[in-house]
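Chemist: Make the full structure from the sequences, and use the hints.
There are 4 protein chains.
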Amino acid sequence: MAVEQSPAESPMEAFYRDISAKSFDALWRRHGPPTPTADEVKALYQPHLWRWQDVEPFLYRAMELVKPSHEDQRRVLTLDNPSVNPMHAATHTISGAVQVVLPGETAPSHRHTMAAIRFVIKGKGAITFIDAEGCTMTPGDLILTPGWTWHGHVNQGDAPMIWMDSLDVPLVSMLRHGLYEDYPDQLFPATKPIDDSLHRYGRGHLKPVWDKTEGPISPLLSFPWEQTERALHELAQSDQSPFDDVAFEYTHPTTGGHVLPTIGCWIQMLRPGVKTLAHRHSNVSLYHMFRGSGSTIVDGVQIDWEEGDFLAVPPYAWHEHHNRSTSDEAVMFSTNDIPVMESLNLLREQPYLQHGGHQPITGQYSASTGA
Amino acid sequence: MAVEQSPAESPMEAFYRDISAKSFDALWRRHGPPTPTADEVKALYQPHLWRWQDVEPFLYRAMELVKPSHEDQRRVLTLDNPSVNPMHAATHTISGAVQVVLPGETAPSHRHTMAAIRFVIKGKGAITFIDAEGCTMTPGDLILTPGWTWHGHVNQGDAPMIWMDSLDVPLVSMLRHGLYEDYPDQLFPATKPIDDSLHRYGRGHLKPVWDKTEGPISPLLSFPWEQTERALHELAQSDQSPFDDVAFEYTHPTTGGHVLPTIGCWIQMLRPGVKTLAHRHSNVSLYHMFRGSGSTIVDGVQIDWEEGDFLAVPPYAWHEHHNRSTSDEAVMFSTNDIPVMESLNLLREQPYLQHGGHQPITGQYSASTGA
Amino acid sequence: MAVEQSPAESPMEAFYRDISAKSFDALWRRHGPPTPTADEVKALYQPHLWRWQDVEPFLYRAMELVKPSHEDQRRVLTLDNPSVNPMHAATHTISGAVQVVLPGETAPSHRHTMAAIRFVIKGKGAITFIDAEGCTMTPGDLILTPGWTWHGHVNQGDAPMIWMDSLDVPLVSMLRHGLYEDYPDQLFPATKPIDDSLHRYGRGHLKPVWDKTEGPISPLLSFPWEQTERALHELAQSDQSPFDDVAFEYTHPTTGGHVLPTIGCWIQMLRPGVKTLAHRHSNVSLYHMFRGSGSTIVDGVQIDWEEGDFLAVPPYAWHEHHNRSTSDEAVMFSTNDIPVMESLNLLREQPYLQHGGHQPITGQYSASTGA
Amino acid sequence: MAVEQSPAESPMEAFYRDISAKSFDALWRRHGPPTPTADEVKALYQPHLWRWQDVEPFLYRAMELVKPSHEDQRRVLTLDNPSVNPMHAATHTISGAVQVVLPGETAPSHRHTMAAIRFVIKGKGAITFIDAEGCTMTPGDLILTPGWTWHGHVNQGDAPMIWMDSLDVPLVSMLRHGLYEDYPDQLFPATKPIDDSLHRYGRGHLKPVWDKTEGPISPLLSFPWEQTERALHELAQSDQSPFDDVAFEYTHPTTGGHVLPTIGCWIQMLRPGVKTLAHRHSNVSLYHMFRGSGSTIVDGVQIDWEEGDFLAVPPYAWHEHHNRSTSDEAVMFSTNDIPVMESLNLLREQPYLQHGGHQPITGQYSASTGA
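Residue numbers (our numbering), protein chains in the order written: chain A, 439 to 809; chain B, 439 to 809; chain C, 439 to 809; chain D, 439 to 809.
Not one of these hints is a red herring.
Computed Cβ-Cβ distance ranges for the label pairs, DEER-style:
#1 D:LEU785 x C:SER679: 34 to 44 Å
#2 B:GLU787 x C:THR800: 43 to 53 Å
#3 B:GLY801 x C:PRO474: 39 to 49 Å
#4 A:ALA570 x C:GLU664: 52 to 62 Å
#5 B:PRO495 x C:PRO524: 30 to 40 Å
No more than 27 Å apart at the CA atoms, straight line, and that leaves these computed lysine-lysine pairs for DSSO-like:
#6 A:LYS480 x A:LYS713
#7 B:LYS560 x C:LYS460
#8 A:LYS650 x B:LYS650
#9 D:LYS480 x A:LYS460
#10 B:LYS460 x C:LYS505
#11 B:LYS505 x C:LYS460
#12 C:LYS480 x B:LYS460
#13 D:LYS713 x C:LYS650
#14 B:LYS650 x A:LYS713
#15 A:LYS650 x B:LYS713
#16 C:LYS713 x D:LYS650
#17 D:LYS460 x A:LYS505
#18 D:LYS630 x C:LYS713
#19 D:LYS650 x C:LYS650
#20 D:LYS505 x A:LYS460
#21 D:LYS650 x B:LYS650
#22 A:LYS630 x B:LYS713
#23 C:LYS650 x A:LYS650
#24 D:LYS560 x A:LYS460
#25 B:LYS480 x B:LYS713
Simulated from the structure, these hints should not be mistaken for laboratory data. Backbone N, C-alpha and C define an ideal beta-carbon position, used for all residues, glycine too.
Modeler: Below, the structure written as structure tokens:
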């Protein structure tokens, strides 16, 4: 089996040559990236901030340049964190984007194995169609388009409709499970009443008595801002997290769990002047700063943000939040991969124990350099 | 071992005598109530209606005669279905009652292994204290006092506060697990903010991110009518059950399941003029007719009810509902033992298939005779 | 509404009369059995011991007197604890019995909503048929006949086959859910291979890859003594409970939970000379002393037992076990209502903390008096 | 914000340049690998066969060349499927390897977030230590070393001990969660009895009554071949899958689910002469051919294998198995990523419906070319 050894070749070299020819490798010579210990672990890529002052003008230029269609897909600007190589995504598991649909426009129905959520930023009068249901869209609403559901959008209002998209594209791509189909017509027919799932599950903890929904996909597809906002103000009176201040996860009405098996959705409110304590965890977060202004310190670097900005925080990065206003609340919507890390038993969290729980600030985030 | 047989005694009689002396019985001579087949099964006791026109004057007399205290317990009138022998209860698993607390009064804290719910009928300004939390009470609100929680009531308003109680007393008594304790002082101290659980879980499907609640007891203790009413009207636009029309179960926010392991709570709305189809099931229901007027046909007997009435429907009784008004909705709150029957794998349901799904009416319910 | 008061009648008496006429009662005058506090709670009925030296001769007499048929049901002697009034059962939730089938006999198929287990005491060559499956029976085997499954027995061996039955009859009767049907023919046809479920699930923690079994009923119907005995001896080397020594619960292979939703099954081995510590709990236990001899002290009374005896321990009775032999193991099989108490959130356990964990012995159990 | 357009640059080009400078991309110009529709989907990489006739001599050469230590890690040959770029692994989620430990040798304890299983191929007298427990190793045994458990191996026998390793390394690496630590000493101390978990959970469906194990990691760490082999022969008498013949998944004793959250383990037996039907699915499988010889047809290519070979089957490849012997059984052990695909709602399966369920054979697998 073994090939003759050349004079200059050591027995070990010959061995490596031989096993390689048969598609084996020797674990002891494998030179991958060094695997850190739990104490040494650091964020493996950089956080990134995308500013609304950049996004908004780009959206206006895109309105002129592109029209949604099956050919051109959506009028979507993706958030590409330059440090998440080789992916074009905000984080290594969760992607983000901003989409705009003009009055009168239709983004035709398609479906894909990748799941998505939409968080509405601006506009009024648009509807997202998910399989047979239409969901109205108002700023602050969260809308789910689970994997392999037909979905399209129509703007019947009189102003551009802008929302944040967040998907599990990087995760599903790594798992080699990306399937995609266009619906043969413009829109999959909406045979259910508008906001049907909201009317079945959305108002209080009440379930239609005949409902037998099971499985990991929330049957409730829209979570209106009106209720979310009230909930934030009421929880603010009752309790807060030292790391996240007033913070909710959106939940699946018939299991109480995550809304999707691959994407967790959070809404949180930093009360005026609040500085949270620092911690880090194995999951990522992708924030949209829905209201207010503040700073997030990530691995010692202060990242100042304004209303509308997007911020990606990588796994194992120490981070803490600060609402810079002493009078106004700041509201952050975010998506994360907690459901994935939890399912796979990989979720870890660690509080920052030095300096009273706050990181020393070692630099200011600069848009041009990343960090 | 066997005793000598007397001359007149057959070998079988001697056998029965001998085994009985040693605390055995012979299964083949056991004469219990005949066990029916699935086809033969009938309601084993009668439905019963308690009329608000009777209840209300009794409550006013009770206000003069009794004062809540640890000695006299609560000012509570229990619903005693005469046909549920030997129990004093509305059904064999779920009991019901009406309680009134006068302005300025306190019903001191106690706790018991039996779980209870309160559904508010009239009044304003009272608070139910459940362990460390106070829950405000408004007509139509559902309040939970789970088993072994300290609970007391205070009326700080200016009118009598009246509510329906429903408990698992008959079930827990059968299971020989009734424990009871008075709190040494008037009220267990309320150290949490008023309506704390409502502010944590009550507004939409949102869960505080730090929450780790598990187990079969809902951490949400109050379900306000404001949301319930809106939900009923929205579901009315989307979907209905042929047997129950517009009907919700109240749910546990972190599991999506029943609010308590022994009592299920439903709210349902019969749209104007609606006649539901008949069915029957192994679980009981105890209704409070919160709004409107209608008729329920139970095993062919028409039971007319008005706002405020209470109706117990026994297991395996065919039943269907009719909103007699063509202009007004009727709203029925009810408790049931579905969680128990489901846990023990004893839940069965059967639709009525004859006569287009409606029972022939064979009689009118008469208060004096029961059925 | 109120009837006129008679001269001798107080206002309260008149009130009681009036509400009673309308099927109400006043909670404050309710005189039930006094509800104890958690500290005061005591066993509400007595333990009971049935001796094999009584059982065995009765079985032989019953063999002559009765033949299994649809008319005479089974040749079954039930264990009637005289203190569990008004039930004829070993405990208030779980009943027990001994059944014997002679060589060549058939106990015809029937089904009932009550679930049962069989624990084989003596004999060889019998088969229990459960729906379409036949399960072989060998001493020490546990066989399940879940609620509403057709089941019959055939003895194809050459000696009487004797086993313990344990059912949820008292529980299901209290819940008014007892349904019963005879199979029109002798035996429901066995279309599956003998011991089919044992061959699918029974050998190690392995599940057929196509299996989708769900729900609270174990798909594995027989648990052979050969494996149980080996498990007991291996666990004896690894770990023990202070209250139960070497003790296993039989489990549901696709959920890891209880084998039935209403009956838990345990097997335990007291190593030679072992004295366990005392504790008490809200669940009952009904023991069959399969091997060895020992004593169980229940609420201070010492109950000596021999191989073959049956012992019912009521809820909230302090109890501890003693293997009187210093050379031989004692093996106790038992059924319990833990699954019920757990589902309904009523399971409580309390260790005995005085006297080093052992009760002072205050008396000896006497068969004639009960305790 | 927008930079001036150069003369030769179109507005779209300028737009792309501008957004790119701010770390955005336009979804509509994204050129990734084309995403297939559900009908078009094909295996994204090639199957691979590693032959025992190659492995065994390499192992003997490795015995001379390497000694296990913290520096050199393990004497492990990894299975590197050349088509799974850019990973060095058998599949994109599950890796495989062969490890050998010589008599008297110790592979020192380390731990990592990656979970592993061992399937014993040859030898006797070795022990794998997992945290405080030692598990004996016999050919055909499955041993689990869950993520972040300390594990080391000692060979106390007199022949080399050879086993298959399979890990979730590619998955955990993609998820950026690889942590690694060497134990400071040779072996983490084994304070539990040998085969402790086997003695607690391993013999039949029995659970120590005091056990409260929860969570997704099986507390049973070893699954002995003695029981597995008996189970295979018994299931062969009862039932089979058309796609996998006699096939079991190893299960978690207290949940009935997968043994690990990231790796599923199967054992299957092809009865003599059996040809299974073809199907495909979104999960991968990595087989070790433990006994016998046969052929697996993957996407039309016939792959002949002998005892000891390893075969990786990629997602969405059509495949069917054939036991070429008409007298001997073939036994295949395999690992898969079904638990992952199931948790993330990405598990899909499809039967092959043409040609009576069997693929036309279009080629023979050649070791040198891959496929």
